[in-house]
Amino acid sequence: MEFLSLISPLFVALVLGGTLIGIIFGAIPGMTATMAVAVCLPLTYSLGLENGLALLLGLYVGGISGGLVPAILLGIPGTPSSITTTFDGHPMAQNGEGEKALRIGITASFVGGLVSLFILYLFAPALANFAIKFSYVEKFLIILFALTVMAALSSDMLMGIFSGFLGIFISLIGIYDISDGGNGEMRLVPESLAYWLDGGFSLLPVLIGLFGLAAILEQAEIGVPKGQTRDEVKIGGKSSFSFGIFKGQIVNLLRSSGIGTFVGILPGVGGSAASILAYSNAKTFSKHPEKFGKGEPSGIVASEAGNNGLTGGALVPLLSLGIPGDSTTALLIGAFTLQGIQVGPLFIGNNPDTWNAMIFAMLIANIGMFIMMYVAIRYFAMVVTIPKHILFPVILMMCVIGAYTINYGIMFDVWTLLIFGIFGWLAVKIGIEVAPFIIGFILGPAAEVYFVKSLESFGDVSIFFTKSWIAMLLWVLIVASVAGSIFLARNKKKLSEGA
Amino acid sequence: MGSLTKVTIDFETSHLIFPTLIAIVLGLLGLAIVIRRRHEIAGAGTFWRDTFARMDKLRFFGALGLTLIYFSAMVPVGSIWPNTGLGFLICSIPYVLLTGLLFMHDRPFRDVLPLVIVALVAPTLVWWLFTDLFFLTLP
Numbered sequence: 001m002e003f004l005s006l007i008s009p010l011f012v013a014l015v016l017g018g019t020l021i022g023i024i025f026g027a028i029p030g031m032t033a034t035m036a037v038a039v040c041l042p043l044t045y046s047l048g049l050e051n052g053l054a055l056l057l058g059l060y061v062g063g064i065s066g067g068l069v070p071a072i073l074l075g076i077p078g079t080p081s082s083i084t085t086t087f088d089g090h091p092m093a094q095n096g097e098g099e100k101a102l103r104i105g106i107t108a109s110f111v112g113g114l115v116s117l118f119i120l121y122l123f124a125p126a127l128a129n130f131a132i133k134f135s136y137v138e139k140f141l142i143i144l145f146a147l148t149v150m151a152a153l154s155s156d157m158l159m160g161i162f163s164g165f166l167g168i169f170i171s172l173i174g175i176y177d178i179s180d181g182g183n184g185e186m187r188l189v190p191e192s193l194a195y196w197l198d199g200g201f202s203l204l205p206v207l208i209g210l211f212g213l214a215a216i217l218e219q220a221e222i223g224v225p226k227g228q229t230r231d232e233v234k235i236g237g238k239s240s241f242s243f244g245i246f247k248g249q250i251v252n253l254l255r256s257s258g259i260g261t262f263v264g265i266l267p268g269v270g271g272s273a274a275s276i277l278a279y280s281n282a283k284t285f286s287k288h289p290e291k292f293g294k295g296e297p298s299g300i301v302a303s304e305a306g307n308n309g310l311t312g313g314a315l316v317p318l319l320s321l322g323i324p325g326d327s328t329t330a331l332l333i334g335a336f337t338l339q340g341i342q343v344g345p346l347f348i349g350n351n352p353d354t355w356n357a358m359i360f361a362m363l364i365a366n367i368g369m370f371i372m373m374y375v376a377i378r379y380f381a382m383v384v385t386i387p388k389h390i391l392f393p394v395i396l397m398m399c400v401i402g403a404y405t406i407n408y409g410i411m412f413d414v415w416t417l418l419i420f421g422i423f424g425w426l427a428v429k430i431g432i433e434v435a436p437f438i439i440g441f442i443l444g445p446a447a448e449v450y451f452v453k454s455l456e457s458f459g460d461v462s463i464f465f466t467k468s469w470i471a472m473l474l475w476v477l478i479v480a481s482v483a484g485s486i487f488l489a490r491n492k493k494k495l496s497e498g499a
Numbered sequence: 001m002g003s004l005t006k007v008t009i010d011f012e013t014s015h016l017i018f019p020t021l022i023a024i025v026l027g028l029l030g031l032a033i034v035i036r037r038r039h040e041i042a043g044a045g046t047f048w049r050d051t052f053a054r055m056d057k058l059r060f061f062g063a064l065g066l067t068l069i070y071f072s073a074m075v076p077v078g079s080i081w082p083n084t085g086l087g088f089l090i091c092s093i094p095y096v097l098l099t100g101l102l103f104m105h106d107r108p109f110r111d112v113l114p115l116v117i118v119a120l121v122a123p124t125l126v127w128w129l130f131t132d133l134f135f136l137t138l139p
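For the record, the sequence lines run as chains A and B.
Numbered by the UniProt record's numbering, the letters in the first sequence go through residues 1 to 499 in order.
Numbered by the UniProt record's numbering, the letters in the second sequence go through residues 1 to 139 in order.
One chain only, chain B, in its complex shape (with noise of 0.2 Å):
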């Protein structure tokens, strides 16, 4: 019995005993889930189609769309201005006003004149905080 508790662990190999050792366990977790929500798993598609279908897409996709834009934009507007910080400036003022009037019912001037003071105070507030007062480089 002794000998078959007995492990001699290979450092050259260390790094994959324990990774080894969760996808195991998540392997049998996994099929144990499978087994037993088989049913729900089955049914998924229709699962998917309701979310969908109930989803608000235009404000979902939509802020997705303007992340993704948002992120993909601001090294290479930034690397115009290197070291300045003026790629998360010059990128988040029209982010944060299009976004909000994204999520905006409906747009009338007196709800969207605070948001477009908003839009530019708040960027340029935490681009001054940040690069002036904290020293940390913005993109």
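Chain A with its partners taken away, still in its complex shape (with noise of 0.2 Å):
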């Protein structure tokens, strides 16, 4: 219980703070909990880690939450993992029913919430115990494995391939690093530009420039939406909420949620599939699916289970092997890279401190959340109407600190913002995956590191095939997965041309 010594005040304010301000960067349509924990990354430099931690924790809780207030009132998802509460919650909200549908949402968030943090806690230290086995071959599978499942559950599989391998060849620009065991020598760069890569892009950089720049762009794209006034936004009371309504939904939530957790410990999937998933396993095993999409309780009660449960599931991969389950978690490597700490096998054994200082923070915010929202639900329906023109300028604002003083002063880096930013509004028109390229990008140093270390040790390429049996069974989810998508997308088109 040592922990409890790092539990102040300060810690628990921070991360009702993050959980409040997550909510209302998640319930402005077109902010999302990734952008709220970029441009608040660089309030962390001051805070030391678990107080750093605790605002961004709470910041990714809360964001994933909050988008369920304009996916119920306004038919917007606040974040792409609400996006099947818009199903049964906007028709709620339309029929006079919107603060109930929001109460349902708001519980079943923390339901979700709750057991994906009860399966991070049982489930992280296991794997990460198990994982410390590791050598250099398995590493490097894991790597290989991660990036073929994010990619098999890609839109396209070849792009998603393609966008992961394009983040790893992006990530080794700049010296082969000795500390990593490299030979100190630079590759990928032309000369005139030597001095400003001989690092490589800084990650941060790229994550702000990536998530918060190229978002504010396809905005600006599309015209910068007017927003809501005050009187469009009709929360409703024409029935009350009490949770006699979970009466009968307990296999729904028990089983969002755990969906939810399972899709954030696959590495790089993201809420929307979470949320997806969960709400079509509802709808299969409703007894009135027809209902669905309609204004139906269940539906919401599924959705935001389900994208709830991902946060806790999104951090298995990452504390326990240092893949980041989702794009929100991506960035928090960013936290800890700040700090000096590598995540991996090994994080949770040598921080218990830490370790149980952020599963104490992921429960303060979840408890909060609930509160903050079941309470002051009137309040944050108002959050949807505040005004994109003044908050664009404020957050484009807040990237460049984030870019800048993330080494100190380089102005390089806030260029670095600005090539990403570019990149990512462009990725999305031409198809490259944003997710699998960003995965690519931070574990393609250790990829590297651990394929040349591997073949350095061994000499032969045949010990990635014959190494242990570790290495065997993740050859065979390696296939399993790209089959598995190759007969997913075969069985859609088939689908899609007998309709």
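No lab work stands behind these hints, which were simulated from the structure alone.
Hints may contain errors.
Derived lysine-lysine pairs resembling DSSO-like cross-links, with alpha carbons at most 30 Å apart [to be verified]: (1) A:LYS453 to B:LYS6; (2) A:LYS429 to B:LYS57; (3) B:LYS6 to A:LYS226.
Only a predicted model underlies this, so the values are computations on that prediction, with no experimental measurement involved.
Fit chain to chain and form the complex, with the hints in mind.
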């Protein structure tokens, strides 16, 4: 219980403050939990590891939860993970049951968050203990597996794989670091840029560009939608909410939370897949599937339990293997890097107090989110009316601060932000998948070290197939994920041709 | 068979092994994508013309242009008063204001006034926070 010494009033205030800011970000259409974490990351510079993580985890939980507000009231998902909440939440709001729908969503989010937290607490240390035994070969194959899973679950597998490898390629720009066992030689950099790129592109400006600037450029492209007036946001009070609504929903709640957590564990898949999978399962197992999409509370329960279930799940591979489960947890790697901590199989064992403090922060964030949103939902409903012409310029300015201060004042990092902001906007147009790209970018340098060191140690390529039963199992999983994706894509094509 | 899988890593050139391998994989994947999406690639001109036609050009290129000017001006302005972070502050105020005005659809005084206040307060607050509290030097 030594971690309790880390829990100060400031720690709790940061979790709750982060949760509040996260809810506000999530509630504004066009802004996401990822953007909230990206923008607030520079604030953690002077906070220390535990307090910094407290703020960021609060932002994460709040950001995912806040998305249900516009999804229900406006039919616009505040974050991509709330897309299925619109299906039943918005019809309920149109029917004058907005408040009831919101409270159903908030309660389901709370349960989803707690279930995933429980699984995280049980599962991550066990996985980390297992992963400690991995050699360079297995570590390399784990990264390869993460990339293929992500690519397999992308909308286009080939583009998903390409995006992941492109991320790796760009991460290799610069010096092959001696501290990683490299030879200190530069590669992939033109001589004129050698001064700026000897260490490659910094992670955080890349992330802030891809998730902050690119999102605002997308909004600018469509003309920055005017936003809603207070008169347009009607919360409604036609029928009141009671917890009795959840009678008969326990199975749906637990199943959806479990699905969300499982999807979170898969690297780079994201909240929208969690909520879609939970929603489609709820519909399949429902006695009244015809009611889904017309204002069925079970739909909101499934969607919100699913997307909040993701929060704990996505931290499992991050904290046990060093592989981020989604874009937002990829940003958390940045926070660890800032504090000089490397996440991976040794993290939990070497930092038990930080690990417990993180779990505690997630618990406070979930409870805080539930109380804040349940009590003040009418005020959060008004958040959707905050004008974007005020928010976006301030966010852009915060992006600049984040990029500039990451390496204590390098202007090239600000230009990196712009380069990757434009790249992020362009990527969506040409079909490059940002999630596999960013995971590839984060894991690329480690993949290189593991690959080269494996060959240096064993001098034989066959070692990747024969090192251990874990290596063989990983190859089976890699092939299965690719084959499964091809099978699913063919089925989908056949169905669309048959329709 | 065994000798076919044997490799010797030359430490001097070890920095090129992985990038070369990734480049080859990227090349092969790129080729597969080009072959599979050849029709889409052939119609890329139409796609970009449509995208450009639908785009709110003023806001998109305006935002990009203002951002470019903002980034370019920060260091030269900051070098007039070195190590004070004033380059950031002096450039951020007009940037927030002008970008906000650009993103607005109608500009009545009652909507512009809050923006002016935010444009003055937000950069000043951030500048104070980072220079006086966090001791991080801004441009």
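Going through the hints against the structure:
{"no.": "1", "hint": "A:LYS453 to B:LYS6", "in the structure": "holds, 14 Å"}
{"no.": "2", "hint": "A:LYS429 to B:LYS57", "in the structure": "holds, 16 Å"}
{"no.": "3", "hint": "B:LYS6 to A:LYS226", "in the structure": "violated, 63 Å"}
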